[in-house]
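Chains A and B supply the protein sequences, listed in that same order. For the record, in the first sequence the residue sitting at position 312 is 312 according to the UniProt record's numbering, with numbers rising by one throughout. For the record, in the second sequence the residue sitting at position 381 is 381 according to the UniProt record's numbering, with numbers rising by one throughout.
Derived from the structure by calculation, the hints contain no laboratory data. Warning: the hint list may mix true and false statements.
Copies of the same chain look alike in the list, so a pair counts if it works inside one copy or between any two.
What the hints assert, rightly or not - Here are the simulated lysine-lysine pairs, DSS-like style, with alpha carbons at most 27 angstroms apart:
| hint | residue 1 | residue 2 |
| --- | --- | --- |
| 1 | K409 | K226 |
| 2 | K38 | K226 |
| 3 | K409 | K399 |
| 4 | K38 | K143 |
Protein chains: 2
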Amino acid sequence: MSEHAHQETVFTYGAPQLKFGLGASEEIGYDLSLTGAKRVLVVTDPGIAATGTPQRVAEQMARFDIRAEVFDQVHVEPTDASLQEAIDHARAHGPYDAYVAVGGGSSIDTAKAINLLMTNPGELMDYVNVPVGEGRDPVNPLKPLVAVPTTTGTGAESTTICVLDVLAQKVKTGISHARLRPTLAVVDPRLTLTQPAGVTASAGMDILCHALESWTAKPYAAYPRKQPEQRVPYCGANPVSDMWCSRALQLLSHAFRQAVHHGDDEDARYDMALAATFAGMGFGNAGVHLPHANAYPIAGQVKDFHPDDYAGDEPMVPHGMSVSLTAPEAFRFTFDTNPDRHVEAARMLDPDAPMTDDPADLLPTVLSRLMRDIALPNGLGAVGYSDADVDDLVTGTMKQQRLLSACPKEVTEDDAARVFRGSFEIW
Amino acid sequence: MSEHAHQETVFTYGAPQLKFGLGASEEIGYDLSLTGAKRVLVVTDPGIAATGTPQRVAEQMARFDIRAEVFDQVHVEPTDASLQEAIDHARAHGPYDAYVAVGGGSSIDTAKAINLLMTNPGELMDYVNVPVGEGRDPVNPLKPLVAVPTTTGTGAESTTICVLDVLAQKVKTGISHARLRPTLAVVDPRLTLTQPAGVTASAGMDILCHALESWTAKPYAAYPRKQPEQRVPYCGANPVSDMWCSRALQLLSHAFRQAVHHGDDEDARYDMALAATFAGMGFGNAGVHLPHANAYPIAGQVKDFHPDDYAGDEPMVPHGMSVSLTAPEAFRFTFDTNPDRHVEAARMLDPDAPMTDDPADLLPTVLSRLMRDIALPNGLGAVGYSDADVDDLVTGTMKQQRLLSACPKEVTEDDAARVFRGSFEIW
Chain A
1 MSEHAHQETV FTYGAPQLKF GLGASEEIGY DLSLTGAKRV LVVTDPGIAA TGTPQRVAEQ
61 MARFDIRAEV FDQVHVEPTD ASLQEAIDHA RAHGPYDAYV AVGGGSSIDT AKAINLLMTN
121 PGELMDYVNV PVGEGRDPVN PLKPLVAVPT TTGTGAESTT ICVLDVLAQK VKTGISHARL
181 RPTLAVVDPR LTLTQPAGVT ASAGMDILCH ALESWTAKPY AAYPRKQPEQ RVPYCGANPV
241 SDMWCSRALQ LLSHAFRQAV HHGDDEDARY DMALAATFAG MGFGNAGVHL PHANAYPIAG
301 QVKDFHPDDY AGDEPMVPHG MSVSLTAPEA FRFTFDTNPD RHVEAARMLD PDAPMTDDPA
361 DLLPTVLSRL MRDIALPNGL GAVGYSDADV DDLVTGTMKQ QRLLSACPKE VTEDDAARVF
421 RGSFEIW
Chain B
1 MSEHAHQETV FTYGAPQLKF GLGASEEIGY DLSLTGAKRV LVVTDPGIAA TGTPQRVAEQ
61 MARFDIRAEV FDQVHVEPTD ASLQEAIDHA RAHGPYDAYV AVGGGSSIDT AKAINLLMTN
121 PGELMDYVNV PVGEGRDPVN PLKPLVAVPT TTGTGAESTT ICVLDVLAQK VKTGISHARL
181 RPTLAVVDPR LTLTQPAGVT ASAGMDILCH ALESWTAKPY AAYPRKQPEQ RVPYCGANPV
241 SDMWCSRALQ LLSHAFRQAV HHGDDEDARY DMALAATFAG MGFGNAGVHL PHANAYPIAG
301 QVKDFHPDDY AGDEPMVPHG MSVSLTAPEA FRFTFDTNPD RHVEAARMLD PDAPMTDDPA
361 DLLPTVLSRL MRDIALPNGL GAVGYSDADV DDLVTGTMKQ QRLLSACPKE VTEDDAARVF
421 RGSFEIW
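Chain A with its partners taken away, still in its complex shape (with noise of 0.2 angstroms):
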């Protein structure tokens, strides 16, 4: 622990608090209860409302006398139209002294930027990330949020970012805070019985990625030492992080392939429940980076694709989807950082695998395995993409920088370039 004069020495851990289990969800009205709020706005989107669950979490606050409204146009995976059609609709029909997400991470994301705009001045593009946006720091606290996934991958009860796309800049982009952290995340396991297979497949790999690559991600100690006002909630791969995600990852072990094979197996939806909640956990601090990173433009210039068990006519490569595309040839790439590191993890994911010639093939190797069992899409090739597109696939990836500085090592174009091209065919 020798210091040296400007690295960094600290790292920061923050969550929201947790209630997790069977029936979990039908406590949020006394949650709400002991905030005093009086009038809450729950946010989900047409498909999850049409489950009914919504309405119902609505309708158990009466008992606590609180006024409940429920909006459901969320567009899952939000643009910034979408956005501000929902702010819209809450500074008409607002204000709201509380807000429950009720969904996915579009949902929870919707609600961050609800809650945002609703407490503190100016517009959503004010708050965007920089180069897209102002990157402006919200002044104001923000009211209550409780976040209540019914996904298996999205970790957005637990961070501090609301992901969006640009719509004329055909660009994915984010608004990043501390102050966006929900305050509690109700993890209830029932709520996932009827996610299909195809969304049990893609979200998984979105939680799998999150702990794999905040596991790998540049350590905290490794960044020139930061004033206090320049702390950022991702900080790299720290004591805590590690704790989540390698949890995280024992979990999925046993349980991915289960969960999507047999969605009826209540320990399997459990336990896929729980490593998403540590995944997230894990990663609303660390941060995520290459994978992540080439998943923006992986999903933001599809051309034809439609996943199977998503609803909808827009071509669409599903995020947990389109992180996962490249993440074996990712880790292939940052396994000279810390081999160590990789061969953990994928011990850690599958413990029987056989070691491989060169070690750097084992986590990418185990993750392929995987991902052609749970039937994810072989590779870009399989989603539409060819060699042409390349070009543009690593501009999209290269504005990418907050992630990309995460990376343990630097990803300069021609990098970005060759894990694309060793991702058209994964397996």
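Using the hints provided, position chain B relative to the given structure of chain A.
Chain B in isolation, oriented as in the chain A frame:
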């Protein structure tokens, strides 16, 4: 995960935000500025005040336009009288927007009590646990509280309790409510470098027993299902507390002896501070049981013992020491509730320990060897107790029903007597 109609299915987890590392205590002014605080009370004891640290913490706040005062009359091992003195001081000199506690568990708990009575109606005994006090719940949120532990072993920075001796009744009891939890824990290993060997040993045993007791506590799912209004922070062993506690045990296995014998070893101090933080984050949600229940009368009924390395003329058994003295016997008693966990705990603490003839002896043996190595007193006899005291000690233990109910098996008076009798000489 099959659900029995009346069994608990939900666990909860909450923790303060955390800032950890060398120099973390130099950023408190900035951290408080984010709360909008203008007047802050720094709470500490005379011994810590003499190091100059609380004054330095107060002075750094001026840079952020925050007026900070120091109250340095915390009584080590608080009493109702000492808490009342602190509350009266705050009432006379406040109000305050936030609090910073710098010191051991006594300073942190005193700050919790001040914060409670400055934000909520009534008096101290209204909030003290039944049957000693009235056990009322605070109705208002408390102000932000930054907890800066200077010992490695309190966990108070993470917990929802304030421990005190009620002098007239010669009983140690507590105030226990979720609202008491500090908002931010600032753990700076630099502040622990001067912690003397005797304090490191006792406080370290407190960490160790926190972790072991939470690891072996009755699991959350073994309780009957609660209504949300009935939920308390200590919900029993759960996947999150298990994770924190097992990591704490692993850290202690290499750092504890080293930190006691080579207090200038910065790496050992770092790991002890990390272990203390992790154990606090874990036990703050699971709970502790028999060793902590026994600690109350062992400390409360002290005769004439004066521990090495502790200032002051009054006889006292330091908290961590009082917890440790019956720990080996207590874990022999609980072994049959979960043999695997007890063996696993022993292995995490001492991977090289040879298996004992009776596996139930493994953890007690590992503990007693450690306690001897770090020069703790050899059992209750060495701190002034004899067989004649057993009835009074048992009476004191049986009053701690909240703690005993977390024990994985029922504890009768005979059981308690047997544990005390087996603890007069540990090695």
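So, going through the hints one by one against the coordinates:
1. K409 to K226: Within. Shortest intra-copy distance 20 angstroms satisfies the 27 angstroms Cα cut-off; inter-copy 49 angstroms does not.
2. K38 to K226: Classified as between: cross-chain Cα gap 25 angstroms, same-chain 40 angstroms, threshold 27 angstroms.
3. K409 to K399: within (17 angstroms within a copy, 58 angstroms between copies)
4. K38 to K143: both (12 angstroms within a copy, 21 angstroms between copies)
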